[in-house]
Amino acid sequence: MNLLRTNALRRGTATGMAIALAACTSGSRLPGAVEGSLPPPPTTVAATVFTCPADQQEPAGITPASYEPGLPLPAADDLPAGSTMAAIRASGRLRVGVSADTLLFGSRDPQSGRIEGFDIDMLQEVAKAVFGVDDDQAYSMLDIVVIPYGQRIPALRDDRVDIVAHTMTINCVRWQQIAFSSEYYHSGQKLLVQRTDGQPQHASLEAFAAAEATVCVPAGSTNQEFIQGVQGIRFTPAADGVDNPDDEVVAPADISDCLVLLQQGKVDGITGDDTVLAGLAAQDNSTVVVPSGEGFTDEPYGLGFNADRIDFVQFVNSVLEEMRTDGRWAEIYDRWLGSTLGPQEPPVARYGRPVP
Amino acid sequence: MMKAVGRAIGRFANGLLRGGSTPARLRVWMICTMVVAVLFGVLGAFGVGRRDASLGDGAEAAAQLLAVQDVQVRLVNADSIASENYLRGGIEDAGKRATYEAELSAVSEGLVAVGNRVLPAEARQLASVAAQLGEYAGLVEQARANNRQGFPVGAAYLRSANALSGSMVAALRDVQSSLRSQVNDSLDRADKAGSWLHVTGWPLVLLLLAGGWWHAKRFRRLVNPALAVATGLSLLLLLLGGSTQGSAMADAEAATATSLEAADLVAQARSAAFEARALESSTLIARGSNNDDPWLLAGSTSTAALVTLCDTTGDCALTDGFAFYADSHAAVRALDDDGDWEAAREASLDGLAADAFTAFDIDSGGSAQAYRDSATDQLRSATDGLSWMRVLVFFGGLAIAALSLVAYGQRLREYR
Chain A
298 MNLLRTNALR
308 RGTATGMAIA
318 LAACTSGSRL
328 PGAVEGSLPP
338 PPTTVAATVF
348 TCPADQQEPA
358 GITPASYEPG
368 LPLPAADDLP
378 AGSTMAAIRA
388 SGRLRVGVSA
398 DTLLFGSRDP
408 QSGRIEGFDI
418 DMLQEVAKAV
428 FGVDDDQAYS
438 MLDIVVIPYG
448 QRIPALRDDR
458 VDIVAHTMTI
468 NCVRWQQIAF
478 SSEYYHSGQK
488 LLVQRTDGQP
498 QHASLEAFAA
508 AEATVCVPAG
518 STNQEFIQGV
528 QGIRFTPAAD
538 GVDNPDDEVV
548 APADISDCLV
558 LLQQGKVDGI
568 TGDDTVLAGL
578 AAQDNSTVVV
588 PSGEGFTDEP
598 YGLGFNADRI
608 DFVQFVNSVL
618 EEMRTDGRWA
628 EIYDRWLGST
638 LGPQEPPVAR
648 YGRPVP
Chain B
86 MMKAVGRAIG
96 RFANGLLRGG
106 STPARLRVWM
116 ICTMVVAVLF
126 GVLGAFGVGR
136 RDASLGDGAE
146 AAAQLLAVQD
156 VQVRLVNADS
166 IASENYLRGG
176 IEDAGKRATY
186 EAELSAVSEG
196 LVAVGNRVLP
206 AEARQLASVA
216 AQLGEYAGLV
226 EQARANNRQG
236 FPVGAAYLRS
246 ANALSGSMVA
256 ALRDVQSSLR
266 SQVNDSLDRA
276 DKAGSWLHVT
286 GWPLVLLLLA
296 GGWWHAKRFR
306 RLVNPALAVA
316 TGLSLLLLLL
326 GGSTQGSAMA
336 DAEAATATSL
346 EAADLVAQAR
356 SAAFEARALE
366 SSTLIARGSN
376 NDDPWLLAGS
386 TSTAALVTLC
396 DTTGDCALTD
406 GFAFYADSHA
416 AVRALDDDGD
426 WEAAREASLD
436 GLAADAFTAF
446 DIDSGGSAQA
456 YRDSATDQLR
466 SATDGLSWMR
476 VLVFFGGLAI
486 AALSLVAYGQ
496 RLREYR
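Chains as they are written, first to last, in the numbering used here: chain A, 298 to 653; chain B, 86 to 501.
Rather than coming from a laboratory, the hints here were simulated on the basis of the structure.
The reader is advised that the hints may include incorrect statements.
Covered stretches of chain B, as calculated for chain A (at least 3 residues, CB under 8 Å) [stated by the list, open to error]: (1) 234-242; (2) 263-272; (3) 337-346; (4) 363-374.
When the alpha-carbon atoms are kept at most 20 Å apart in a straight line, the in silico SDA-like pairs for lysine to any residue are as follows [to be verified]: (5) B:K181 / A:P407; (6) A:K425 / A:A627; (7) B:K181 / B:R498; (8) A:K425 / A:V470; (9) B:K181 / A:Q408; (10) B:K277 / B:G436; (11) A:K563 / A:S583; (12) A:K425 / A:Y436; (13) A:K563 / B:G219; (14) B:K277 / B:D259; (15) A:K425 / A:A372; (16) A:K563 / A:D551; (17) B:K277 / A:S325; (18) A:K425 / A:D608; (19) B:K277 / B:G134; (20) B:K277 / A:R326; (21) B:K277 / A:L327; (22) B:K181 / B:E226; (23) B:K277 / B:S266; (24) A:K563 / B:L249; (25) B:K302 / B:R498; (26) A:K563 / B:Q217; (27) A:K425 / A:R471; (28) A:K563 / A:Q521; (29) B:K181 / B:R233; (30) A:K563 / B:E220; (31) A:K563 / B:Q227; (32) A:K563 / A:T511.
By construction, the Cβ of each residue, glycine as well, lies at the ideal position given by its N, Cα and C atoms.
Could you build all of it, start to finish, from the sequences and the hints given here?
Spelled out as structure tokens, the structure:
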């Protein structure tokens, strides 16, 4: 009997505890934040690595030669049948690959919406020769495709554009992938520094290095390779934001980010091609490009073409040849670069590349 | 554990029924019942009060979560407007400019208001975001000034502003993550607190029933009125208290699982959508870059949030709305990829993409407000009744102890 009573109590207690436990059952809770995801990247084929063949290597400072110009320049309505120029004329537009954020060479005017600059004027001269139009109509003959630096060569090889004018340096390795016109502008690496009382804070690379000043350079550029070899110069911004000469170089991806750092007083100067620095200087009156003469390196700019369009390269070389002699080159230079970079002669063209 | 407790209670009850003289056993019954009744009153009231307080904490954390999300959405909206106005160039849209300024002002005020109500760790993060807000506004102004002069460096300032906005959003997401944990912790605490009423109440009922049974058997009386009333009262308090507590918990959990989660999802979707909208402008500003991966990531976050909303609440209208904007964005990208940047810009600023996004903004904004109001109301009203139930349980326990004193005291007086 006692055992029965005990068991009954146990059962009662267990029932009570079960009810109590049921009340403790946990319910809905707020889930964590939602995370998005990217679709898997397409399978990429390993890029071909191009090198300069031993028989095409040139000494430092010598621009690789282009194809002989096809002088005399044919009239627009008398272009050779079956030529690239005739095909472009028939299509009604010249497809051009340009930059839209390199002030003075190729940048968009926010008021007019037009992309303008030295490179664009060069392309308008080509359009005038192909279509036989005047200055006012030349811009409308351009089918402008804005391309980033990394797309300059692929855009030509994929035949997305007929010609690229994009501050592109002529070199032997690139000649293995595309064709170039003769040199249309001779650029060089320089420094952009602050100006105080009309004078540059550092008038030369040597003065800049002696002051152990801090330079900003776009990551991965040829400019970075050169400036890293100069003793005394420091780089910024550092990963930890602290200016330390021993810091690893962490450079921004775009040179206009360097101008932001210069205006914020986080760097003492910017290095890059003088053409690009001239564009930066035009955006900030308190800066100046130094030195005034030759740059630290030679950067011969050429117009780029698909490697198979040799007739078009020769045609454009003829246009450039005329521009050098009739003053049009100088006129375009003065319009965009003269006031910032000082007087300059058109670069001397080198021809003699054998036609394959 | 439960078995051991059961065995101990069984042994104790057996001793009550079997050992000692009748007056002594009466005294033991009386004292035990009174002690358990007082414990029921005190611990039961404590449990109900703790559930009340924990659910209140959860409601407060949820309110702050929604407030931080509102701040984040306003910040990314301001950033998308800044990018859009930059892309427009020249003369900005005055209405958009006014909205940008209003949103920044609301972000500033919101950060201060929420910062005063959250825990110190979150308050420090919010203060850091507030400090960055001034720098952000400065960068946008620099971008704007340079853009108006046609200087491409403005785009670099805008990039810096976008990046700073991204780091501010990341900090706000951390705060939200912490507040979500606080909501869930509060619910867990409230859940556990409810057991005090049952852990003390059911043994009391069993003790009263056993006492009544022993009483009836020992004194040949079918019912002791005081014990019967005490038993009835304890059962009533248990049922009433249990149902009030359970209902409060169920309401809070239902509000969490429905309106709060929906408000959370819509806020996340809106934030990611505004981010995507800013990225659409940024990609067009960085003309020729054509890198749409950041947009795809933000778009997929927004879509994932809206699909979850559709699955959990059946509210699928916003999913369709964002999908329509995503299609319009794809059309913008197709135009740009084909080299027709002007048409792409037109479609983004004043064409199909702009219209689709505005429609999504209006619809999702209405939904966000409705879910937010509903979640706030439901979570705050979930605790209704718990305050008076706490008082009732406390005095009920004391009343049961007094009734036990009366019931056993009567029998004891018969032995004097």
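We went through each hint and held it up to the structure:
Residues of the region 234-242 of chain B with a Cβ under 8 Å from some Cβ of chain A number 8, which satisfies the need for three, so the listed coverage holds. Given a C-beta distance limit of less than 8 Å, the hint that chain A covers the region 263-272 of chain B holds, as 4 residues qualify and 3 suffice. Residues of the region 337-346 of chain B with a Cβ under 8 Å from some Cβ of chain A number 6, which satisfies the need for three, so the listed coverage holds. Given as covered by chain A, the region 363-374 of chain B passes the check, having 4 residues with a CB less than 8 Å from a CB of that chain where 3 are the minimum.
At roughly 18 Å between alpha-carbon atoms, K181 of chain B and P407 of chain A fall within 20 Å of each other, so this suggested pair holds. At most 20 Å may separate the alpha-carbon atoms for a hinted pair to count; K425 of chain A and A627 of chain A meet this at roughly 17 Å. For the suggested pair K181 of chain B and R498 of chain B, the alpha carbons sit about 87 Å apart, so the restraint of at most 20 Å is broken. Restraint check for K425 of chain A and V470 of chain A: not satisfied, since their Cα atoms lie roughly 31 Å apart, outside the 20 Å limit.
Taken as a hint, the K181 of chain B and Q408 of chain A pair is honoured in the structure, with Cα atoms around 19 Å apart against an allowance of 20 Å. Among the hinted pairs, K277 of chain B with G436 of chain B is inconsistent with the structure: their alpha-carbon atoms are about 55 Å apart, more than 20 Å. Of the supplied pair hints, the one linking K563 of chain A and S583 of chain A holds, its CA atoms being roughly 15 Å apart against a limit of 20 Å. For the given pair, K425 of chain A sits about 9 Å from Y436 of chain A by alpha-carbon distance, which is consistent with the 20 Å threshold.
Note on K563 of chain A and G219 of chain B: the hinted pairing holds, with a Cα-Cα distance of about 19 Å set against a maximum of 20 Å. At roughly 27 Å between alpha-carbon atoms, K277 of chain B and D259 of chain B are farther apart than 20 Å, so this suggested pair is violated. Between the alpha carbons of K425 of chain A and A372 of chain A the distance comes to roughly 10 Å, so the proposed pair stays at or under 20 Å and holds. Of the supplied pair hints, the one linking K563 of chain A and D551 of chain A holds, its CA atoms being roughly 16 Å apart against a limit of 20 Å.
For the hint linking K277 of chain B to S325 of chain A, the alpha-carbon distance of about 14 Å falls within 20 Å, and the restraint holds. At most 20 Å may separate the alpha-carbon atoms for a hinted pair to count; K425 of chain A and D608 of chain A meet this at roughly 17 Å. Proposed proximity of K277 of chain B and G134 of chain B is supported: the alpha carbons are some 12 Å apart, at most 20 Å. Among the hinted pairs, K277 of chain B with R326 of chain A is consistent with the structure: their alpha-carbon atoms are about 14 Å apart, no more than 20 Å.
The hinted pair formed by K277 of chain B and L327 of chain A meets the criterion: a straight-line CA distance of about 17 Å does not exceed 20 Å. Distance restraint check for K181 of chain B and E226 of chain B: the Cα-Cα separation of roughly 15 Å lies within the 20 Å cut-off, and the hinted pair is therefore satisfied. Using a Cα cut-off of 20 Å, the hinted pair K277 of chain B and S266 of chain B holds, with the two alpha carbons roughly 16 Å apart. Using a Cα cut-off of 20 Å, the hinted pair K563 of chain A and L249 of chain B holds, with the two alpha carbons roughly 17 Å apart.
This hinted pair checks out: K302 of chain B and R498 of chain B have alpha carbons roughly 18 Å apart, not beyond 20 Å. Distance hint between K563 of chain A and Q217 of chain B is fulfilled; the C-alpha atoms sit about 18 Å from each other, no more than 20 Å. Restraint check for K425 of chain A and R471 of chain A: the C-alpha separation of about 27 Å exceeds 20 Å, so the hint is violated. Annotation: proposed proximity of K563 of chain A to Q521 of chain A holds, straight-line Cα distance about 18 Å (limit 20 Å).
The suggested pairing of K181 of chain B with R233 of chain B holds, with an alpha-carbon distance near 16 Å, which does not exceed 20 Å. Distance check on the hinted pair: K563 of chain A and E220 of chain B sit about 15 Å apart at the alpha-carbon level, within 20 Å; holds. For the hint linking K563 of chain A to Q227 of chain B, the alpha-carbon distance of about 16 Å falls within 20 Å, and the restraint holds. A distance of roughly 8 Å separates the Cα atoms of K563 of chain A and T511 of chain A; the hinted pair therefore holds under the 20 Å criterion.
When held up to the earlier numbered hints, the structure conflicts with 7, 8, 10, 14, 27 and fits the remainder.
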